[in-house]
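Trainee: Each chain is listed here by its residues.
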Amino acid sequence: MAQPRVRVPKKIKKGEVVTIKTLIGHKMETGLRRNKKTGKKIPRKIINSFEAKIDGKTVFKAVLHPAVSANPFISFTISPDKSGTIEFIWTEDGGKTFTKTAKFEVA
Amino acid sequence: MSQTEQIEGVHRRSFLIAGVGGAAFATVQLTPGVALADKAAVAAAMKKAIGDKKPVAGKVSIDAPEIAENGNTVPIGIEVESKMAGGDAVKAVHVYAEGNPNPEVASFWFTPGSGAAKASFRMRMAKTQNIIVLAEMADGKVYMGKRLVKVTIGGCGG
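As given, the protein sequences belong to chains A and B, one line each in that order.
Okay, so the first sequence: first residue is 3 according to the numbering used here, each after it adds one.
Okay, so the second sequence: first residue is 3 according to the numbering used here, each after it adds one.
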């Protein structure tokens, strides 16, 4: 289901502001839909938060509501001053998390 | 395809009015017959985020299509004009949809490591409506941006 994908530039110039793109496969079930046959509401299950950390320190955070489209795409910027590792964490309703990391070099 | 796809104009509309969301809209997430937000709901949602602070127009730019062809996935780009330092740093940005079942869409928090107060994502829109963005600055000021996005095929297939 999830398989997150991220685009992080491998080489970043010091002082440069670069765009990070992230995508995770997820239905983002809103809780508003009903089962065709039974008429029962399909329960909500969405990715409700996203966090990016560089070397353990949070650099960007997002809280998502059911209005966010399926397969959430989130893009943001970073401007690191030294090489490091960026970790992405997606949290689903119920607490399950999905993670992905990427390394970058600052020169 | 489902039964309702074969039913012509008027009959399909009466399905909509009857609020039987399931059949025609099983593949999309926003169903008719679901109450959409009103101004009070939007104000309440904003109060949750910024309390009694009064937002001032400015600094926020919202990049969105003038006409969204597919209400299920509308690309939105937010940018807040800021030096990203001192009192002018952007703490958080909150996005609201005036005409969705629930006005809250997303919130983003920035840090000095962000470099810029920019974020992009994709959202569901039930119908033509205003997207409102609040930007909370480090010095406590709140700025606001608003953008009308027309939706032809709403997250409700029609």
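What the hints contain is simulated information worked out from the structure, not anything from laboratory work.
In this text, all values refer to a predicted model and were calculated from it rather than measured experimentally.
Mixed in with the good hints, there may be bad ones.
[Stated by the list, open to error] Computed cross-link-like contacts, BS3-like style, restricted to lysine-lysine with a CA-CA straight-line distance of at most 25 Å:
#1 B:Lys129 - A:Lys43
#2 B:Lys93 - A:Lys59
#3 B:Lys129 - B:Lys148
Trainee: If a hint holds in the structure, say so; if it doesn't, say that too.
Mentor: Here's how the hints hold up against the structure:
| no. | hint | in the structure |
| --- | --- | --- |
| 1 | B:Lys129 - A:Lys43 | holds, 22 Å |
| 2 | B:Lys93 - A:Lys59 | holds, 16 Å |
| 3 | B:Lys129 - B:Lys148 | holds, 16 Å |
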